[in-house]
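Student: Sequence:
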Amino acid sequence: MPKHPSILELFNDKPIGTNVLVKGWVRTFRNDQFITVTDGSTIKTLQIVIKKEEHDEEKLKKIQTGACISAKGLLEKSLGKGQDIELICEELVILGESDPNEFPIQMKRHTMEFLREKAHLRFRTNTFGSVFRIRHHLAFAVHKFFNDRGFFNLHSPIITGSDAEGAGEMFKVTTLDIQNPPRTENGEVDLSQDFFGKPTNLTVSGQLEAELAALALGKVYTFGPTFRAENSNTSRHLAEFWMIEPEVAFNDIFDNMDLAEEFLQFCIKYALENCREDLEFLQEREANEDKLKPVDDRQSMPLIQRLEFVTNNKFERITYSEAIDILLNSNHYKKKKFKFNVEWGIDLQSEHERYLVEKHFQKPVIITGYPAAIKAFYMRMNEDGKTVAAMDILVPGIGEIIGGSQREERLENLIAKCEQFNIPQDHLWWYLETRKFGTCEHAGFGLGFERLIMYVTGMQNIRDVIPFPRTPQNAEF
RNA sequence: UCCCUAGUAGCUCAGCUGGUUAGAGCACAUGACUGUUAAUCAUGGGGUCCCUGGUUCGAGUCCAGGCUGGGGAGCCA
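Residues in the first sequence are numbered consecutively from 100, following the numbering used here.
The set of hints was computed from the structure by calculation and includes no laboratory data. Hints are not guaranteed to be accurate.
Stated by the list, open to error - Below, computed lysine-lysine pairings styled on PhoX-like, alpha-carbon distance capped at 20 Å:
# : residue 1 : residue 2
1 : Lys433    : Lys474
2 : Lys474    : Lys462
3 : Lys176    : Lys143
4 : Lys122    : Lys171
5 : Lys171    : Lys158
Modelling step: build the complete structure from the supplied sequences, incorporating the hints.
Tutor: In structure tokens, the structure reads:
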């Protein structure tokens, strides 16, 4: 048992008439009498009532926004309207002062941009408190979903020696002195003297490793940090992000779609059931922010309604070819409103995906059967010899949230693909060997955890759903 | 990396076709009030107008370059 109850516990148990000790941070101090305190356990705040005469002036002055206090007293039914319980304070201690002239977080609206520069203190705000509580619950939901279905969590390596995954630019990992690295006779950096004796990178995906495990354990999933050294400056990309990658032996692309859809709906439902108050707060926040925006940029549905819509409706499933047809037959296309051309074989542009999801279907869409040329080497070739068993799940507002495929399990096909994509086979010998020894059909997908959090919280910028975002030119904190 | 856009008080912003001493709300300080809900009322302090250079009698305002933030695109999750 903790030495003192959290505010969440006080609201749940409501031990009215008993003596309690509370610790937390001051939000406001009104009327020289009412201290609003939060301790992070819930979005709710506890009102502490003090009698001015019982405390010396110096102490009262220190009850300021951001200060840390502890209060002991009787928990009572509140006389005021804003809350049902309050603490009648008998003993008040200032644990940590907070000079209001320096503390940057005020009880008023701050911009996300400003708070991003105060990432060490932004946890103290309602918005980030809610976001990071929801982040926790979603992480827990991920593990629960897979655990309940007999999946094993696989810890794929962070440092990887393979450089052929093709998922993007990689961060190099080295212990060599970059000012003065050892050189070979012809002047090149001698990586054989590096820590691992070869070039190594931070992982861009745990998928290939997950496949190895799936072909033995059956159903596995990874949930860990991944890294992309792309110079991407958007509200949807991070250099360090968390990815969830299930991989299942004996699943085909249709099983894969079912799993992905069930998984997304489970996570969203879990948040709706376990984070109600935080979601209500974020919904109100979003509505207030929307008032400042032009009508066209506003959300069509309130946050919670959007989430319920996703859990209550089947995702739309179409093939890439059907998607192209829909685009070609759209008024949007006929009025030449697309910036990029539409024809079979193109990689769908953001504007195309957005049209399909936000205008045409207005719900999550799963697109399958992409042209082989625009997808990764490991995706399974379909019978037509032109398309692969790939799938992307697109959601309104975010775009691609899941990308997956049935994997190419036929050794000769995979070797042919390696040649086409200029991937040296000796870099992937271990991957290819799984196709040599007891290969079987299998499938999996990757979900960007932060994008899921964005969708659930309604936050517009991915930098605001991870505690300390890493983006090009920015690794403060 | 490309395109667009912004940078004025601690925060959020206003500042017109260049023209006296650069404004408001919030925050802060002091006082009043005391069952408040981001309390209220009064008074007060607070500025490298992002930086560098230029045009001009005169630049927060115009021009050029740079820095930083934001939006969009590409890459992707």
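Student: Of the numbered hints stated previously, which ones are contradicted by the structure, given in increasing order?
Tutor: 1, 2
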